[in-house]
Every structure is written in C-alpha cells, then in structure tokens.
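Trainee: These are the residues of each chain, in order.
Number of protein chains: 2
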Amino acid sequence: MKAAMIGGGVIGGGWAARFLLNGWDVAVFDPDPEAERKVGEVLANARRALPGLYERALPPEGRLGFCDTLEEAVEGADWVQESVPERLDLKHRVLAQVMAAAPEDAVIGSSTSGFKPSELNAQGARAVVAHPFNPVYLLPLVELVGDADLTGRAAETLRGIGMFPLILRREIDAHIADRFLEAVWREALWLVKDGIATTGEIDEAIRMGFGLRWAQMGLFETYRIAGGEAGMRHFLAQFGPCLTWPWTKLMDVPEFTDELVDLIAGQSDAQSGHRTIRELERLRDDNLVGILRALRRTGSGAGGVVLAHERTLPQGGTGPDGLPVTLEMQVPTSFVDYNGHMNEAPYLEVGVRASDRLMEMIGADADYIAGGLSYFTAETDIRFLSEIDIGARITVTTQVVGGDGRKLHLFHRFWTGGESPAATMETLLLHVDLGTRRVVAPGGAVAERVAALVAAHAGLPAPERLILGRPAS
Amino acid sequence: MKAAMIGGGVIGGGWAARFLLNGWDVAVFDPDPEAERKVGEVLANARRALPGLYERALPPEGRLGFCDTLEEAVEGADWVQESVPERLDLKHRVLAQVMAAAPEDAVIGSSTSGFKPSELNAQGARAVVAHPFNPVYLLPLVELVGDADLTGRAAETLRGIGMFPLILRREIDAHIADRFLEAVWREALWLVKDGIATTGEIDEAIRMGFGLRWAQMGLFETYRIAGGEAGMRHFLAQFGPCLTWPWTKLMDVPEFTDELVDLIAGQSDAQSGHRTIRELERLRDDNLVGILRALRRTGSGAGGVVLAHERTLPQGGTGPDGLPVTLEMQVPTSFVDYNGHMNEAPYLEVGVRASDRLMEMIGADADYIAGGLSYFTAETDIRFLSEIDIGARITVTTQVVGGDGRKLHLFHRFWTGGESPAATMETLLLHVDLGTRRVVAPGGAVAERVAALVAAHAGLPAPERLILGRPAS
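Heads up: the protein sequence lines correspond to chains A and B, in order. Take 2 as the starting number for the first sequence in our numbering and just add one per residue. Take 2 as the starting number for the second sequence in our numbering and just add one per residue.
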C-alpha cells in the first residue's frame with residue numbers, strides 16, 4: 002500500500018511516520034527544501050516511541066521517498082493526505098491537482114483543523130476531513146468528516162494503522178476537539194492577559210488535575226462519577242445552574258496584540274526554555290508511551306485501541322536457535338534507565354509475556370483458566386548476559402525442557418541480534434486446580450501438546466545452563 | 002495533627018481520606034445520616050489506590066470520627082475544611098460557626114469551586130479557598146486563593162499530604178481550572194443539543210487525543226512543541242488569527258431545559274450505564290494509578306509530586322528476620338492480575354527497588370555511579386512461595402550473603418504478614434567500571450560497608466536456599 006503526503010511539516014511528517022511504521026510505502030511532496038530533514042526528525046521520534054506500545058512486532062517498515070512534483074507523489078497512491086497551511090485558496094489549488102493526478106479510488110484526506118468538507122470540495126474535489134492530533138504517530142484520534150461511503154472506507158484504513166477514527170454526524174467549523182481546545186485557549190489568553198496566571202501556572206492547573214482524568218475518561222463519564230451514586234442526572238441538577246454565572250470571559254475575544262504575544266512567549270520561555278523542542282518532544286513521547294502502556298492494562302480509551310491493533314499483528318515463527326518465537330517486541334522507552342539501557346526489572350515482564358504465549362500454544366489459555374485449571378510459576382531464574390539498548394528489538398524463543406506430570410520447565414532466550422542471547426530465563430511452573438489451590442497433573446490436550454513440544458525441542462541445542470529443580474545446597 | 006471536615010460528600014470524603022492516609026486524625030461533621038457510609042466508601046477506594054503510588058510506606062492511618070456537632074468536630078483542629086453545598090448564605094453560616102469554635106491558628110479552607118475569598122469572608126471569616134479535584138485522594142491539584150500568609154501556611158500543609166498547591170495571584174470567579182472546565186462544558190452542551198455529537202463521542206474526542214497530552218504537559222507547553230523548532234512565537238503567529246473565526250458558540254449559553262437534561266442523561270446511560278458508579282470509580286482510579294506511576298518514571302507533572310512526597314516518607318527499620326528493611330510498599334492496583342493477585346512480572350520490580358536501597362546503604366549511590374563505578378546484576382532467582390493479594394503491604398528485608406572481591410550476593414525476603422516470606426529473591430551482582438565496562442573490585446568505603454554487612458548478617462538465620470554461583474550442571 003502507498004500513501005502520498007502533500008505537505009511534510011509536523012503533521013505531514015507524523016502521518017508519514019504512522020503509515021511507514023505500519024508497513025506502507027510513503028511518498029512526500031513538499032516544496033520546502035527542509036522537508037526531508039524535518040520528516041526525518043519526526044520519523045526518528047516515531048521509531049523510538051510507537052513500536053514500544055505493542056508486545057508484538059509491527060510489520061517491516063515501508064519505503065520513504067521524496068518527490069519533486071505532486072503528481073509523482075500521488076501516482077498509484079491508495080491514500081493521499083493533504084497537510085498544507087490552513088488557507089482555503091491553497092487547499093483548493095492542491096486538491097484540484099490531487100484530483101487530476103491521483104487514482105480514482107484513492108482516499109483523499111485533509112488534515113484541516115477548521116474547514117468543512119463542503120468548503121474543501123466547493124470546486125469539485127472529493128476530499129474527506131481526516132484531522133489528526135500531534136504527535137500523529139502516538140495519539141490515535143482522527144476526526145473524519147464527509148461523505149458516508151468515503152469516511153467509512155477511510156475509517157477502515159485508519160484502524161489498520163492503529164488509529165481511532167471518529168466519524169462526525171454533521172460537518173461543523175473546527176469539528177469537535179478543536180472547539181474545546183479553542184474554548185480553553187481563549188480563556189487561557191484572558192487569564193494571561195489579565196495577569197491572573199502565567200502560562201506555567203495554567204499548565205499546572207491542567208496537568209495536576211483534570212488533565213489526568215481526561216487521559217482515560219472524557220468529560221461526561223467523569224461527571225457521571227462526580228454525581229456520585231445518583232449519577233448524571235444529579236450532577237446536572239447540581240451544576241446546571243452555574244452556566245449562567247459569570248465564570249467566563251468567553252463572551253469576548255482578546256485582541257491579539259504584540260504585547261500579548263510578547264507576554265505569552267516570554268512566560269513560555271521562562272517555563273520551558275531550559276529544554277530544547279527536541280528534548281520536550283522526547284519527554285512528551287516518553288510520557289505518552291508510559292500513559293498508553295498504563296491504559297493498555299485496563300483496555301481503557303487509547304489503551305483499548307493499542308490492544309485491538311496488536312491483535313491484528315502476526316506472531317509466531319522460528320528463532321535463530323530453531324525454537325518457536327514466543328515474543329517479539331521493541332524495548333519501550335518506559336523500560337529504559339536514565340543511562341539508555343533496559344532496566345533489569347522489565348526483563349521478567351518480557352519473559353512472562355513469552356510464558357503467556359507458550360501457555361496459549363499448549364492450550365492453557367483464558368478459556369482453560371476460566372475452566373478452573375492453570376499454571377502457576379514456582380521459580381524463575383534470569384541471567385543478564387549483555388546490555389539491551391533503547392529501541393532494540395527483543396525476540397524471545399522458548400524451549401520446553403520438561404513437562405512430566407505436574408511440572409512444566411521452560412527456558413527462554415532473549416535475542417537482540419547477536420550470535421548469543423542477551424539474556425536467558427529459566428522458569429518452573431506447576432499445574433494448579435484453581436478451586437482447591439492444589440497442584441494436580443494436567444490431562445487431555447494440554448498434556449499431549451506439552452509432551453509433543455518436549456519431544457520436538459529435545460533434539461535442539463540444550464539450554465546453556467539449567468539450575469532449577471536441583472536439590473538445594 | 003487533626004483535620005475537621007464540615008461536609009462529608011464525595012469532596013469532603015476525599016479530603017478525609019487524603020488526610021487520614023497521611024497520618025492525620027479526622028473528625029467529620031455532616032447532618033446527612035448517610036455521611037458515615039459515604040465517607041467509608043470513598044475511604045475504601047482511597048486505601049486501595051493511594052498507597053500504591055509510593056515505594057515507601059505512608060505513615061500509620063489516623064483515627065476517623067463522626068461528630069454530632071460542628072463545634073465538636075473543629076475542637077483542637079489544625080485544619081478545618083468546609084465542603085458544604087455551593088450556596089453563599091450556607092457557607093457564611095458555616096464559616097461563622099467555624100470561626101466561633103475552631104482554634105485561632107487553624108487553617109480554614111473552603112472547597113468552593115466558584116466563590117472568591119472576598120465573598121466567603123464578607124461577614125468576617127478568615128477562610129482561604131482550597132479547591133481540590135475529584136478524586137481528592139489521587140489528584141494533587143489544590144487551588145489556593147486568599148491572604149498571602151494564610152495560603153502560604155496552607156500550601157505547606159498540603160505539600161505534607163502529597164498535594165500540589167497552586168497559589169493564585171488574584172482572586173477570580175471560579176479560580177483557574179474551573180474556568181476551563183466550564184468553557185468546555187458549555188461547548189459540549191451545544192454539541193449535544195445541536196445533534197453534532199453524543200456524550201460518548203465527545204468523551205472519545207477528548208481521551209483519544211488532547212486528554213493524553215494534558216495528563217503530562219498543559220496547554221502552553223504542548224503548543225510550544227506544536228510550533229516546532231520555531232517554538233511559541235511561531236505557534237502564535239500561525240494560530241492567533243483563528244481566534245476571530247466562528248469556532249465556538251460560546252458567545253451564548255444553551256438553555257438548561259428538561260429536554261436537554263433528558264438528552265444528556267439518556268446518552269450517558271447508553272455510554273456508561275453498563276457499569277455501576279462504583280465500578281467506574283475503580284476503573285478511573287486504576288487508570289489514574291497507572292498514569293501516575295508512569296509519570297513518576299520521568300518526574301513529570303503529578304509524577305514529580307509523588308516523588309517529592311515519597312522522599313519525605315521515612316524508610317529503614319528491621320524486619321521480622323532481624324535484617325534491614327530495604328523496601329516497604331503497598332501492592333499498587335497496576336501490579337494486579339485480573340484475578341486480584343499480584344502478577345509475577347512486578348516481583349522483580351519490587352526486588353530491584355530493594356537492591357537499589359541496599360546500594361544506597363553501602364554507598365554505591367547516584368554520586369558513586371556518576372563517578373564511574375556501579376554494580377550490574379548478573380543473575381537473579383525468584384521463588385514464588387505464596388500468592389500476594391491486591392492491597393497487601395510488602396516489606397522486603399535484605400541479607401548480604403557474600404561480598405568478596407568483585408561479587409555481591411544478596412538474598413531478599415518479601416514479607417506480607419505471615420510467618421514465612423511470600424517470596425524470596427536471590428541476586429548476584431558484579432562491580433563494574435563504567436568506562437571500560439569491565440568487572441573490577443570495589444575499594445574504600447563501599448568495600449568496608451559491604452564487609453561490615455556480611456559480618457553483621459552472618460549471625461542471622463541463613464537463607465532458606467541459595468542456588469546462584471554454584472557450578473553449572
């Protein structure tokens with residue numbers, strides 16, 4: 002599949018990275034001589050952050066090319082994304098060129114934050130609004146507005162690259178999210194202008210309070226809870242009347258004078274100027290990866306989107322030692338020490354994921370556990386053999402060393418590209434009746450599959466060392 | 002220290018929990034016959050969630066009492082918090098009673114979301130606005146407004162219970178954060194009323210996009226990044242003009258009719274009605290704990306507040322086996338399986354924290370590492386002996402089994418209240434020159450402290466089993 006990016010700034014570059022890392026080829030057209038460098042920097046950020054959301058490998062990266070003409074970029078494209086500056090005449094010109102040169106069945110998306118499809122298509126284009134949020138490679142939301150068939154097709158593609166399409170029922174200036182952002186922005190400008198709060202204080206007022214709520218539930222679900230046991234109706238009864246109180250200055254718009262720009266830019270320098278934009282981007286991305294990985298635990302909001310995308314990624318295969326691959330993942334930034342290496346604590350998380358996969362392979366899966374039987378880990382030994390760097394891809398292979406009766410004995414190797422494993426993990430599990438909490442032998446298909454794996458793996462190179470299950474010293 | 006809660010609803014109960022779990026005694030006065038049950042339920046949520054943010058133990062919980070009169074509640078109180086309904090005449094009456102009965106030097110805080118101190122104190126009270134955010138036991142933000150001396154004293158107390166006081170420069174209706182919330186709320190009501198989006202769609206527009214950004218950076222720092230390399234000034238130049246575009250309906254206020262209430266309550270039921278309020282609260286809290294623990298990794302925003310509070314909590318002491326306590330923490334909800342037990346992966350995280358503390362005790366701390374020397378873990382063996390439940394408090398003791406030359410051999414026991422450990426972790430570390438990446442012997446104070454611990458621990462009960470460092474089989 003091929004995507005064409007018309008415009009390669011922060012947004013176009015973010016789109017390019019999202020498509021590339023999901024296996025699409027990407028062609029960029031942007032007359033800016035700096036476009037290639039800029040897209041490259043966004044892509045470097047994305048490579049560092051996005052793959053670490055998943056506990057399966059993303060597909061091999063697509064090819065990235067930069068084109069001299071728009072026509073060359075859109076040739077044969079399945080998706081064309083327009084991300085040029087927010088001027089309607091310019092968008093009209095670009096969309097007319099796209100219409101003339103792109104395949105008839107290509108989705109044509111516009112990153113516009115303000116214009117409606119009826120405005121974009123006033124001169125005969127068939128674009129849909131596909132409005133993303135920065136950083137495009139990590140935030141899943143895309144607002145889709147336009148023709149029902151076109152937005153439906155666009156939504157399917159967006160889900161395929163791990164995004165969350167929100168199809169609007171009706172077109173409206175600035176769609177949905179930016180109406181909220183604009184409302185907050187106006188109020189914030191007044192607060193700064195009137196000397197009530199600095200930019201830094203406003204940011205603290207957001208991220209120390211309601212920002213934490215909005216990362217996982219939105220406005221209405223949060224307020225439903227605030228209503229306590231009586232729920233939404235009680236909340237509305239309690240806070241509805243406040244609407245007419247003088248809690249806003251939004252009836253008016255602050256004038257955008259040089260003084261106001263100087264005030265805001267100066268306060269922002271004082272607040273954040275000790276970090277470069279690149280450092281801020283990486284801090285933001287590290288935090289987003291941490292938050293998204295926290296949300297994937299509960300499947301809430303964007304965490305649910307990550308899990309759904311992960312289930313579509315292939316798994317399996319055979320590792321360099323001829324054993325089955327039970328995990329393939331990129332080291333997420335949240336696994337990393339201040340010194341840039343993988344901290345030792347997440348090694349067990351990696352190994353446990355591999356054991357979980359082996360459990361699925363032998364049929365001791367969620368249904369089996371729901372039926373009252375499971376494997377419990379009795380002991381695990383990890384050897385840290387060489388350092389693992391940030392961004393490394395870990396491939397775990399699993400050898401079933403023993404599976405007699407109630408015991409299951411596994412040996413995982415963590416491969417990161419070298420000739421020998423970067424770590425090994427030996428683990429001894431016991432088969433347990435969840436009702437009595439007693440150790441019992443497995444039967445049926447599980448016992449058979451374990452025996453088959455033991456036999457199949459016996460002919461492969463033996464573990465470098467086994468120390469569990471021996472008599473104590 | 003004693004705090005008096007006047008009003009024991011969701012907010013008063015949240016304050017009570019925050020104070021109690023930080024070791025304060027709390028007296029509640031609320032004429033509602035259901036107050037004791039309601040506060041108890043908030044407290045149960047808080048006990049489950051708050052302690053898991055820290056990797057040290059919070060102080061022993063204070064005593065909670067319910068009083069028949071306001072006078073009894075405020076007697077001897079160091080902090081009095083008013084959280085009664087948002088009616089100025091009621092607040093005046095309550096504050097007058099508080100002024101008459103509370104100690105002269107007590108801080109008097111009001112949870113009001115809308116009133117200014119000049120309004121609250123119009124009849125001679127000396128209250129400050131101390132406006133928190135739900136859930137009060139997890140979100141750190143408290144907006145403080147009022148007399149500089151009083152808010153300064155209040156801020157110190159709030160930091161002591163792990164909160165983030167934001168002192169406003171000037172009083173203003175609805176303070177800062179609620180001005181934003183109100184702006185978003187108005188815009189959301191229009192979108193629902195006009196049939197542009199449902200409550201569920203609005204929540205997705207928030208939590209799939211900008212909500213994820215706002216959990217860690219606020220509005221201005223986010224936009225500074227969006228400006229790309231040119232920063233804030235470029236962003237302002239680009240988006241300033243949009244201010245006059247028709248991106249809002251906020252020039253007007255929707256009428257709060259029965260139809261609008263029915264529409265919103267009905268959509269909210271369809272969106273969230275499959276979960277009880279209690280289930281939603283726990284999901285919210287689990288997500289907040291996960292997000293806050295993700296943010297403590299980078300020290301950003303609320304994660305920095307958690308770390309700063311943690312550093313004030315005592316550590317050390319001796320465990321049931323006579324060995325030094327190297328970690329004392331409550332199992333966070335984010336460590337827990339769907340079955341309510343601690344998942345095996347975080348065991349290593351717990352043990353690594355204990356090893357880190359032992360490193361500090363022998364002087365191999367951050368300064369030592371900055372000087373070019375450190376211990377690297379070569380191998381770790383964990384035995385899982387009994388299940389650990391959600392909410393359990395884990396006390397880790399550490400025995401220094403060996404410390405000859407370049408090796409350091411540790412044995413951790415994880416205690417959860419029983420007569421024997423719930424888990425043990427044996428770990429073998431090597432002393433490394435970070436420049437050459439080679440194993441070298443430690444010298445000076447570190448070697449002496451290791452030797453002293455080996456000698457001191459030799460007389461204590463030996464580890465139940467040691468298997469590392471033996472010849473391979």
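Calculated directly from the structure, the hints in this document are not laboratory data. Errors might be hidden in some of the hints.
What the hints assert, rightly or not - In silico SDA-like cross-links for lysine to any residue, where the CA-CA straight-line distance does not exceed 20 Å: (1) LYS194/B <-> SER301/A; (2) LYS194/A <-> LYS39/B; (3) LYS39/B <-> ALA227/A; (4) LYS39/A <-> THR277/A; (5) LYS39/B <-> ALA231/A; (6) LYS408/B <-> PRO347/B.
Said to hold, decoys possible - Quick list of the computed label-pair ranges, beta carbon to beta carbon: (7) THR277/B <-> ALA149/A: 28 to 38 Å; (8) ALA446/A <-> GLU420/B: 36 to 46 Å; (9) ASP405/B <-> ASP270/A: 48 to 58 Å; (10) GLU260/A <-> GLY373/B: 49 to 59 Å; (11) GLU388/A <-> GLY267/B: 36 to 46 Å.
Every residue, glycine too, gets a C-beta built ideally from N, C-alpha and C.
Trainee: What are the numbers of the hints that this structure violates, sorted from low to high?
Mentor: Numbers 1, 2, 6, 11 - these are the hints that the structure violates, sorted from lowest upward.
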